[in-house]
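First to last, the protein sequences are chains A and B.
Reading the first sequence from the start, the letters are residues 65 to 170 in the numbering used here.
Reading the second sequence from the start, the letters are residues 26 to 249 in the numbering used here.
Just so you know, these hints were derived from the structure itself, not from any lab.
Heads up, the beta-carbon is just placed ideally off N, CA and C, and yes, glycines get one too.
Do not rely on the hints blindly, as some may be mistaken.
Said to hold, decoys possible - So the derived list for chain B, only partly shown, Cβ under 8 Å to chain A, looks like this: (1) A68; (2) R87; (3) G89; (4) I94; (5) V122; (6) S220.
What the hints assert, rightly or not - To give an idea of the chain B side of the interface with chain A (calculated C-beta under 8 Å), a few residues: (7) H71; (8) G102; (9) V105.
Listed here are the chains, written in short residue letters.
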Amino acid sequence: MRVPVDELKGHLDLVLLASLRGGPAHGYALIDVIRERSDGVFDLPEGSVYPALYRLEAAGLLASRWTTASGRRRRTYRLTGKGKKRLERERGEWRQFSQTMTEVVA
Amino acid sequence: MATVLADDDRGRGLIDRYLVDLRAQLAFYGVGRRRAERAVAEARDHLLELAAEDGEEEAVRRFGSPEPIAVEIARAGQPVALFRSALVFLAAVALFVLPLYGIPENTLPPAPWDERPDYLTWKLNVAVGAFGIALAAATLAVTAAWLSWRRVTFVALAFAGVSLVVSAIIGTIGAVQWAQAVPGSGTTLALTLISTAGLGLVAGAALTRAFSRPFPSRAASASD
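Bound conformation, chain A alone (with noise of 0.2 Å):
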């Protein structure tokens, strides 16, 4: 099952914030772990990946920089203190929120 592209667009940045856990990535690296992680269910427009990546550097959640790996320049993102804590808290709201949704739906 394919999830709609609009309903993965309102928890993007939850997404994303979640896929940099692991360490910096450029924006076609994210798509790849985002797709792994989703076992192939969340599978959007790839372009669409920097705006959001782009809104939360403005918001001060990421920040970037240009990188050189095999001759090639990408430029690479990485969750900040002030993202961390936001990844935190949302993925706390995310846990509470999905298990109440369980018990009400089941």
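Position chain B relative to chain A; hints supplied.
Frame of chain A; chain B shown alone:
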């Protein structure tokens, strides 16, 4: 998307055409040059990675249409653009002290009266009062923009704009009447009018930029 794929120009051409379209969309939706260059560079890197696996057509298809991406990038930059506009507006309002006080204080010839006439005094008081309100509201707008309180920012900017207009109009009428009452005040009047007009243009441009929404609503920007 169909337009990008229709001309089957095999090889590098497809990604290059996509990037040209993306650059044009970013410019259309008001994304600044530096941000646009960065977005195009990242898109190029991503597309090349995809193309290395699955070819250019699949890469462009998986990346998504340029327009919704450009809209969302423009939207992502809006808080910063709003803050910058509010800051420019505040600077223009603050500099309004020049035509209101600085220029008259330093260029007016001595007045022929012991006590300023009432018809000039009330205008001066209203102009200064409205200026004070405009300055306070503009400062609030900058603070609200910094905190990403969009509604408060827009309300404060609107309030500051109206106050500044009141101050400028009443102040200008008062300046003209003062020049008529005090011989040799022509230079002061000219300088006051020029600086008022100049600062008014800057303030107006900043407000226009702050209130402009060059891109469609969120409902229209859903990607395909």
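Check the structure against each numbered hint from earlier and tell me which ones fail, lowest number first. 5 and 6
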